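Visitor: Residue numbers (my numbering), protein chains in the order written: chain A, 1 to 203; chain B, 1 to 203.
A portion of the hints provided could be inaccurate.
If several chains are the same, the list does not tell them apart, and a pair holds so long as it fits within one copy or across any two.
[Unchecked claim] Here are the simulated lysine-lysine pairs, DSSO-like style, with alpha carbons at most 30 Å apart:
| no. | residue 1 | residue 2 |
| --- | --- | --- |
| 1 | K106 | K160 |
| 2 | K65 | K85 |
| 3 | K65 | K106 |
| 4 | K65 | K189 |
| 5 | K189 | K153 |
| 6 | K106 | K189 |
If you are wondering where the hints come from, they were derived from the structure by calculation, not from laboratory data. A quick note: this is a predicted structure, and the numbers were derived from the prediction, not measured.
Protein chains: 2
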Amino acid sequence: MKQNFFIALAFCSFLILSSCNTTDKGYGNATYFTINGDELVRPVDYRSWVYVGTPLTPNDMNNGKAAFPEFHNVYIDPVSYDYWKEHGTWRDGTILVKELISVGTKAAVSGNGYFMGEFIGLEATIKSSEHFPDEPGNWAYFSFTNPEGENLKNTGTAFKTNQCNACHAASAKDDFVFTQHYPVLRSSKGVGKEVIPENTASR
Amino acid sequence: MKQNFFIALAFCSFLILSSCNTTDKGYGNATYFTINGDELVRPVDYRSWVYVGTPLTPNDMNNGKAAFPEFHNVYIDPVSYDYWKEHGTWRDGTILVKELISVGTKAAVSGNGYFMGEFIGLEATIKSSEHFPDEPGNWAYFSFTNPEGENLKNTGTAFKTNQCNACHAASAKDDFVFTQHYPVLRSSKGVGKEVIPENTASR
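Given these sequences and hints, build the entire structure.
Guide: Okay, here's the thing in structure tokens:
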């Protein structure tokens, strides 16, 4: 009787440990994306990941023809963020998501500037030697934005290598990722497990 | 024998359900801030909360004298976010954190614009009828930025009512919060549990 009780307890303890926090299970097997054929399934839970920063290159600062006229809210999956903090490199299996938000109003009670407008698209990049062995750094880039309609696409096809990877290879600071524009990533590169800087001198 | 086995299973199922996700436990008791005396203890885990947006009112768009010259990365505690999605109002106990990031470079390979520089400060606002019964809407505002040194302050004293609440009362759309500048909050106000818009027409 007691034996079965303790077997049940042990089994449930395993369930508790294995069901609560994937970041405690190690880095190797935690996957935050799905590839179907050669398409990436649109991530839907990225708002619970780690936000790393928002670059902005609006049309009115680029002669009305900005290559990226939106706010780009960038998120990384939490396990790859933990790996980055520990190792300062990107693990095989990293995914970053870029949520595109239009420029809304340019004036508010707080002053002149740029304020977020509407949600207008979604993009992602993944590093996967399994799925993209021939891409530089094993990175591939995807868009789920649908120029012909309001609904986001449920899957995205990888852009051709020269459409994204060329710029990333030439100018991104850390293995095809523009960490120079993301203080959250710069300050945590290989420094351990802390989440936020304790002081304003942190880089 | 079987009875004890199932009692153990039931007990452990309860443990699993209650230990994994605080957002499923109800709203009332989840607290994400600590008040010591009349000071707010600096939050340290906000990067695991929900990011809602980044307004920017840089100095060079405000005659060199912007009231808020930094990027403001705003986070909300996850339980208050769930409450907002369900009810469209702010629960007693809400906390929003504002991470201040300087304007860094204004040009990159992606174009001219504004890119995040360095981490330069931290602010927060809380809604608490228990601690601030006499403040408008029970909201109080705090800064942990230390103008005299690099280290953030570990606690913050509430600003006087007319320093923050006047503007928030006059111009913020939803109970002293400027939801009009945060599409994450606008799109989710009282609409249920979904985390992201499925289409680009969502507000």
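Visitor: Run every hint past the structure and note whether it holds.
Guide: Here's how the hints hold up against the structure:
1. K106 <-> K160: between (35 Å within a copy, 28 Å between copies)
2. K65 <-> K85: neither (36 Å within a copy, 36 Å between copies)
3. K65 <-> K106: both (18 Å within a copy, 17 Å between copies)
4. K65 <-> K189: neither (34 Å within a copy, 33 Å between copies)
5. K189 <-> K153: between (33 Å within a copy, 24 Å between copies)
6. K106 <-> K189: Classified as between; 23 Å across copies, 34 Å inside a copy.
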